[in-house]
Amino acid sequence: MKNNLILEVRNLNVELGGEKILEDLSFDLGNKEILVILGPNGAGKSVLLRTLLGLHSFTGQIQWQENVHIAYVPESFDVSPGLPLSVKEFFQFKKTDSQKIIKSLQCVGIMGFSKFLEKRLGTLSSGQLRRALIAWALVDKPDVILLDEPMVGIDIHGRETIYDSLVKFWQKKNQTIILVSHEIGEVCKKANKVLALNKRKLFYGKPKEIITPQNLAKIYGSTISV
Amino acid sequence: MEVQFLYSLITGFFIGGVAGYLGSLMITKRMALVGDALGHVALPGVALALIYGFSVSLGAFPVLILGIILIWLFEMRTKLPMEALTGIVFTASVAIAFLLLPESQVSIALIGDISQVGFLDTLVSVILCIVTWLVLKKIFSKIILANLSENLAKVEHIKVEKYNFIYLTCIAIVVALGIKVTGSLLMGAMVITPAAAARNFARNLSQYSYGALVIGSLSCALGILAFKLSALPAGPLIILVATFLFLVSLIFKKLT
Numbered sequence: 001m002k003n004n005l006i007l008e009v010r011n012l013n014v015e016l017g018g019e020k021i022l023e024d025l026s027f028d029l030g031n032k033e034i035l036v037i038l039g040p041n042g043a044g045k046s047v048l049l050r051t052l053l054g055l056h057s058f059t060g061q062i063q064w065q066e067n068v069h070i071a072y073v074p075e076s077f078d079v080s081p082g083l084p085l086s087v088k089e090f091f092q093f094k095k096t097d098s099q100k101i102i103k104s105l106q107c108v109g110i111m112g113f114s115k116f117l118e119k120r121l122g123t124l125s126s127g128q129l130r131r132a133l134i135a136w137a138l139v140d141k142p143d144v145i146l147l148d149e150p151m152v153g154i155d156i157h158g159r160e161t162i163y164d165s166l167v168k169f170w171q172k173k174n175q176t177i178i179l180v181s182h183e184i185g186e187v188c189k190k191a192n193k194v195l196a197l198n199k200r201k202l203f204y205g206k207p208k209e210i211i212t213p214q215n216l217a218k219i220y221g222s223t224i225s226v
Numbered sequence: 001m002e003v004q005f006l007y008s009l010i011t012g013f014f015i016g017g018v019a020g021y022l023g024s025l026m027i028t029k030r031m032a033l034v035g036d037a038l039g040h041v042a043l044p045g046v047a048l049a050l051i052y053g054f055s056v057s058l059g060a061f062p063v064l065i066l067g068i069i070l071i072w073l074f075e076m077r078t079k080l081p082m083e084a085l086t087g088i089v090f091t092a093s094v095a096i097a098f099l100l101l102p103e104s105q106v107s108i109a110l111i112g113d114i115s116q117v118g119f120l121d122t123l124v125s126v127i128l129c130i131v132t133w134l135v136l137k138k139i140f141s142k143i144i145l146a147n148l149s150e151n152l153a154k155v156e157h158i159k160v161e162k163y164n165f166i167y168l169t170c171i172a173i174v175v176a177l178g179i180k181v182t183g184s185l186l187m188g189a190m191v192i193t194p195a196a197a198a199r200n201f202a203r204n205l206s207q208y209s210y211g212a213l214v215i216g217s218l219s220c221a222l223g224i225l226a227f228k229l230s231a232l233p234a235g236p237l238i239i240l241v242a243t244f245l246f247l248v249s250l251i252f253k254k255l256t
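Protein chains in written order, with our numbering: chain A, 1 to 226; chain B, 1 to 256.
Since the hints were derived computationally from the structure, they do not count as laboratory data.
None of the values given here were measured: they were computed from a predicted structure.
Any given hint could be a false lead.
[Said to hold, decoys possible] Under the rule of at most 25 Å between Cα atoms (straight-line distance), these lysine to any residue pairs were calculated in the SDA-like manner:
(1) K138/B with Q207/B
(2) K88/A with I139/B
(3) K29/B with S126/A
(4) K95/A with Q105/B
(5) K189/A with E19/A
(6) K162/B with L83/A
(7) K142/B with S46/A
(8) K29/B with L168/B
(9) K29/B with V214/B
(10) K94/A with K228/B
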């Protein structure tokens, strides 16, 4: 593996329940880079993230930099409203202190910490829960953060805040980010690389080169304007 | 105060506490009735212990482990739902136990008898309760996180299978201990009722788990005191105290 790479993927194949989900996928990611993964529903984007995390078996090669600390924001995360688990306790699963919790909550635009931390996790709105989950991923300063559709349920204003703070956080903390998203506009402008996927690699490169109306039509199967 | 009564009180107090604490995890994992079913699975071991005059918990524990392994093997082999297989194993256990049990011992097996515990039995129970509680305390947050999202837990390097195994072993130990206090038939309530009561007023996880622990201990202590005063059997009294505390907790439900 080259020195400045944090992740190298070669000829990755994933099969789930006898069905090929990912075929012959190769890409790599440098330190501090942002990679956005695009693709239609069922393209295997979430499976790719989970495979990178070691949650699915695969053939081929996935090589992370040694001792890399990875955080994950899953696509779905449901908490029963009846579960008496406070936001603070949820963060304490990671053995972290209040200062760090407050800092990471600021990153995702949550104010009024003391009240927020006492709330039950299950009673948060879906947008608040997403934010809390992103903050939870950030709190112990991972080297890489993998986010699967992190903005589901968050309003447009909120998305901007979160993306802005994520980018700032990334610049300050030298974080590498892998992001699965349906949104083409705001997100991709901030990315270093875009990987368009539909079981196989469709396009891979700089956002300016990839995000063209013609390519998007190929990715999503119809005309989409940015 | 008689020494014998003190032994009963101490044994009940500790077992009730750890059973309540464990119950808070079991309700969260939707395994509340598992304690009840395992209480029945243990019956053949309880029967042998009563016939040959050794500790009921000692008889129950190996049978519980055997029962859990059987259910697990059947599940691997058949892919039938776990609850159906548990049903088969626990009714078969009850059937075997009733062929073995002398009639005079039936009520002890079913509703327990804490009035005759000796010093050694008390000491061993207390030590086991403390150790099991410490283990549960250690794995508590990991089990809760794995229950929220197994993927998230695995990314945090939590070995989910390992912790589930430890958790199941703790259940077997607590059920074996609890059978001594309230018997096979009522054991389930020792894990369900205190935790359900605590959930009604708890605002967070520590209020929930420690609330369940306190209510479990309190139910046993008050139940055993009531037994001393009334000469009615202790097992049912303990469960009724716990049920009463559950009813009281309903008052708080609206406020939170």
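- Message: Please list, smallest to largest, the hint numbers that this structure does not respect.
- Response: Per hint list: 4, 5 and 10 violated.
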